[in-house]
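Participant: Residue numbers (the numbering used here), protein chains in the order written: chain E, 1 to 260; chain C, 1 to 283.
Keep in mind the hints are simulated off the structure, nothing from the lab.
Source: prediction; values computed, not measured.
Facing chain E, according to a computed beta carbon distance under 7 Å, are these residues of chain C, among others:
hint: 1; residue: Gly64
hint: 2; residue: Tyr90
hint: 3; residue: Arg93
hint: 4; residue: Lys94
hint: 5; residue: Met98
hint: 6; residue: Phe100
hint: 7; residue: Ser102
hint: 8; residue: Ala104
hint: 9; residue: Phe106
hint: 10; residue: Pro118
hint: 11; residue: Glu121
No residue lacks a Cβ here, since even glycine has one placed at the ideal position from N, Cα and C.
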Amino acid sequence: MLDGLRRLGQATLRWLNRLGHATLFLLGLLRALGALSRRPGLIVRQLYALGVLSLPIIAMSGLFVGMVLGLQGYANLVDFGATSTLGTVVALSLVRELGPVLAALLYAARAGSALTAEIGLMKATEQLACMQMMAVDPFARVFAPRFVAGFLAMPLLAGIFTAIGILGGYFVAVQQLGVDSGAFWSQMQAVVGLVDDVLYGVVIKSVAFGWVANWIAVFEGYDAMPTSEGISLATTRTVVNTALVVLALDFVLTALFFGV
Amino acid sequence: MPTAPPSGNDPSTVAPLVRVRGLSFRRGDRIIFQNVDLDIPRGKVTAIMGPSGAGKTTLLRLIGGQIRPDAGRIEVDGLCVHELGRRELYQLRKRMSMLFQSGALFTDLSVFENVAFPLREHTRLPENLLRILVLMKLEAVGLRGARDLMPSELSGGMARRAALARAIALDPMMILYDEPFSGQDPITMGVLLKLIRTLNDALGLTSIIVSHDVKETASIADYIYLITDGAVVDHGEPQTLEHSPSAWVDQFLHALPDGPMSFHYPAPAYAQELALAEEARRA
Numbered sequence: 001m002l003d004g005l006r007r008l009g010q011a012t013l014r015w016l017n018r019l020g021h022a023t024l025f026l027l028g029l030l031r032a033l034g035a036l037s038r039r040p041g042l043i044v045r046q047l048y049a050l051g052v053l054s055l056p057i058i059a060m061s062g063l064f065v066g067m068v069l070g071l072q073g074y075a076n077l078v079d080f081g082a083t084s085t086l087g088t089v090v091a092l093s094l095v096r097e098l099g100p101v102l103a104a105l106l107y108a109a110r111a112g113s114a115l116t117a118e119i120g121l122m123k124a125t126e127q128l129a130c131m132q133m134m135a136v137d138p139f140a141r142v143f144a145p146r147f148v149a150g151f152l153a154m155p156l157l158a159g160i161f162t163a164i165g166i167l168g169g170y171f172v173a174v175q176q177l178g179v180d181s182g183a184f185w186s187q188m189q190a191v192v193g194l195v196d197d198v199l200y201g202v203v204i205k206s207v208a209f210g211w212v213a214n215w216i217a218v219f220e221g222y223d224a225m226p227t228s229e230g231i232s233l234a235t236t237r238t239v240v241n242t243a244l245v246v247l248a249l250d251f252v253l254t255a256l257f258f259g260v
Numbered sequence: 001m002p003t004a005p006p007s008g009n010d011p012s013t014v015a016p017l018v019r020v021r022g023l024s025f026r027r028g029d030r031i032i033f034q035n036v037d038l039d040i041p042r043g044k045v046t047a048i049m050g051p052s053g054a055g056k057t058t059l060l061r062l063i064g065g066q067i068r069p070d071a072g073r074i075e076v077d078g079l080c081v082h083e084l085g086r087r088e089l090y091q092l093r094k095r096m097s098m099l100f101q102s103g104a105l106f107t108d109l110s111v112f113e114n115v116a117f118p119l120r121e122h123t124r125l126p127e128n129l130l131r132i133l134v135l136m137k138l139e140a141v142g143l144r145g146a147r148d149l150m151p152s153e154l155s156g157g158m159a160r161r162a163a164l165a166r167a168i169a170l171d172p173m174m175i176l177y178d179e180p181f182s183g184q185d186p187i188t189m190g191v192l193l194k195l196i197r198t199l200n201d202a203l204g205l206t207s208i209i210v211s212h213d214v215k216e217t218a219s220i221a222d223y224i225y226l227i228t229d230g231a232v233v234d235h236g237e238p239q240t241l242e243h244s245p246s247a248w249v250d251q252f253l254h255a256l257p258d259g260p261m262s263f264h265y266p267a268p269a270y271a272q273e274l275a276l277a278e279e280a281r282r283a
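All chains should be built: construct the whole structure from the sequences, respecting the hints.
Facilitator: Laid out in structure tokens, this is it:
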């Protein structure tokens, strides 16, 4: 019993210690933003690596998720003769929840894990130490550009995921199942609000998810043990922790914006 | 162990570039350095040698300000490294370079861009001038023709040379070499030895080489410090150390299997441990 309590206490202290370390790291990132603002090229390069190269998986996933929503929605709504609301169902599901959440999870799997592995390997091969010995701050040169680029890419990727998802739903509902095209779009236009749904849903959620996903990914790389096993563990932690934090944060934001 | 500044420069007129006094450093319970004094003279090649795990690389990291000592002072060009603020430390580091054991080339940049990296970060040179400077540095290490290769396309020796070209890009006053010869074939080792000596003399550098390749390092060093068990065991010019009365120095410099340095890592008595194991098996 006492052993269990002691272990629990130790684990809590370790977790708090790590959280403090991660917070200090975040402050380091924010401090480096000034220097980074003079070198936008570093962000653009990372936007390509993290954002543009994530587009195929985001677009394909968005398409399939939208198509599945169209199919499932039709199968349920057809019994009530309410297929004209299918556009609204697809759009609200994507804009409020699935767009930002799934885009963040996919981003963590594709770009977040790559970020962690890249920074962890730079640490293991002494590239970061070498940079410091050359009087180059890795926060300004390596960590902050990746963090900012990922943070900027996340809402764009979530927006693209959502838009392609709606097109996927339209394709299945209208082109394949014969739902009326006018009803599909007009119902969606009438119900989905720019502020209530798009801003509070896809925009704010993806901004919040982008912040935590990139913070976790960059920190885990920085904090990785400089060994193959250490980098492997850090990469796993990035994906698992990002998924958990994104889902928990999604609940909090949903309760805040859409709770009764 | 108190040390006199190495010969070669008149100690009364030329202050050492690196001055270490009363250095103590430990990792956990393990003492790495205990009250160590040493001086690195300007314009010379100084070797710091000792067995694996003696703290040679740690000493370089302490001199470079990457880690802080538990006690004592480390001065580089009159500045106490561990008392400097971040900005001052980075200013000092612009005047010193370090060649890492792995080379530590940036794997996403070509050889040319690796050498250009410190110039791009710290200067506002026009592109044509930067190109000329980089080609000069690469020519100095014999890799001008390899400028477009990526680090993954280089052999170990070429990677060290490319890293050396990058290390001299900003014309530093001092270069710290961390095991520059480890894992190199004899020809590459010869090339690196010649390069280190030539660059030191031609550019007026101060070089500190950390190594346990005794013969090779001694062949180009002006002065040698031998460290083990957290202390400087002996120091002097290579020829002087050859005749050191210390049994440890004799064992280390001549690679003798028997001597004060034990083959075994500290452990309980062998017979006692075997007897305990036997008892445990019976129980």
